[in-house]
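**Student:** Generate the whole structure from the sequences, applying the supplied hints.
Here is how the chains run, residue by residue.
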Amino acid sequence: MAATADLDDAFLALADPSRRSMVERLSRGPASVSELAEPLAMSLPAVVQHLGVLQRSGLVSSEKVGRVRTCRLQPEPMQAVERWIAAHRADLERRLDRLGDVLDETYGRKQ
Amino acid sequence: MSVTHAEFTIERRYTQTPAQTFSAFADPELKRQWFANAGNWEDAEWELDFRVGGGELSAGGAAVGNHKLFRSRFHDIVESERIVYSYDLFHDRRLISVSLTTVEFGPAESGGTRLLFTEQGAFFDGFDAAEVREHGTGKLLDRLGRFLAGEPV
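First to last, the sequence lines map onto chains C and U.
For the first sequence, the working numbering gives the first residue as 1, with consecutive numbering after it.
For the second sequence, the working numbering gives the first residue as 1, with consecutive numbering after it.
If you're looking for bench data, these hints aren't it; they were derived computationally from the structure.
Hints may contain errors.
Unchecked claim - Computed, partial: chain C to chain U, Cβ under 7 Å: (1) Arg67; (2) Val68; (3) Ile85; (4) Leu103.
Stated by the list, open to error - So these bits of chain C aren't anywhere near chain U, every CB distance computed over 10 Å: (5) Val33; (6) Glu38; (7) Val48; (8) Gln49; (9) Leu51; (10) Ser61; (11) Arg72.
Small disclaimer: the values here were computed from a predicted structure and weren't measured.
Glycine included, C-beta positions come from ideal geometry on N, C-alpha and C.
**Tutor:** Here it is as structure tokens:
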């Protein structure tokens with residue numbers, strides 16, 4: 001079961017077109033802050049602010065090497081969302097497998 | 001809190017006839033064996049009233065801090081062919097999903113059953129794993145973002 005606070009942060013982070021465009025760029029590979037800013041019609045401080053929201057949500061991490069800050073997508077928050085329904089479905093599948101066992105025990109296995 | 005709509009179908013084949021497979025949904029003694037108390041909880045509760053307008057209740061796990069409650073209502077029952085029900089799922093008394101389930105009992109080779117279990121749900125916390133597999137993570141994130149921003153997905 002995913003932690004709800006983490007999901008809320010991830011949802012909030014993605015509820016903005018600029019941040020989504022940054023996430024989409026990072027889904028193709030790591031990028032510097034200026035590379036992220038390039039296609040966006042906004043100032044660098046505004047980009048850094050959006051980046052802060054993405055980092056606090058855990059969706060993006062960054063690392064500074066020399067003068068360049070490189071950002072990367074961290075898939076974990078989305079995987080938490082994915083796991084939630086996958087677990088629900090797996091639970092139903094386990095039950096339907098148990099149904100097969102109950103049918104075999106009750107009626108015998110047919111050829 | 002957001003809502004996500006997801007649909008998936010699980011297919012299973014059983015060697016028993018559709019009438020026998022149907023009985024494992026209709027007969028409380030058989031249904032209890034495969035459906036009730038999946039968590040082996042000491043505080044498990046389970047009730048089945050198998051008729052249109054009736055419902056099923058399955059709960060437990062409070063003692064281990066993982067309380068689950070399943071509460072359904074039967075909408076359509078066609079003997080040995082089809083069962084349609086809707087259900088609420090609560091986790092620690094918080095509603096986490098509302099689903100419509102259609103169970104279809106079709107004939108399979110050699111007199112067995114081909115069972116189709118289709119769930120259409122409103123999930124209040126998550127995403128369908130099938131959707132994640134179909135689209136790349138980027139596309140999913142994009143759709144999620146548009147959805148959350150109230151734009152058409």
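**Student:** Indicate, hint by hint, whether the structure satisfies it.
**Tutor:** Quick rundown of the hints versus the structure:
1. For arginine 67(C), the interface hint is violated, the least distance from its beta-carbon to any beta-carbon of chain U being 28 Å, above 7 Å.
2. Interface hint at valine 68(C): violated, since its Cβ lies 23 Å from the closest Cβ of chain U, which is beyond the 7 Å cut-off.
3. For isoleucine 85(C), the shortest C-beta to C-beta distance to chain U is roughly 5 Å, which falls under 7 Å, so the interface hint holds.
4. Interface hint status for leucine 103(C): upheld, as the beta-carbon distance to the closest one in chain U is roughly 5 Å, under 7 Å.
5. Every Cβ of chain U is farther than 10 Å from the Cβ of valine 33(C); the closest lies at roughly 19 Å, confirming the non-interface assignment.
6. With a minimum CB-CB distance of about 18 Å to chain U, glutamate 38(C) clears the 10 Å threshold, and the non-interface call stands.
7. A cut-off of 10 Å between C-beta atoms confirms that valine 48(C) is not in contact with chain U; the least separation is 20 Å.
8. Non-interface call for glutamine 49(C) relative to chain U: holds, since the shortest CB-CB distance, roughly 17 Å, exceeds 10 Å.
9. The non-interface label for leucine 51(C) is consistent with chain U: the shortest C-beta to C-beta separation is roughly 16 Å, beyond 10 Å.
10. Remark: the non-interface label on serine 61(C) is consistent with the geometry, its nearest Cβ contact in chain U lying 16 Å away (cut-off 10 Å).
11. At the 10 Å boundary, the C-beta of arginine 72(C) stays outside the reach of chain U, the nearest C-beta of that chain being 13 Å off.
Checked against the numbered hints above, the structure violates hints 1 and 2; every other hint is satisfied.
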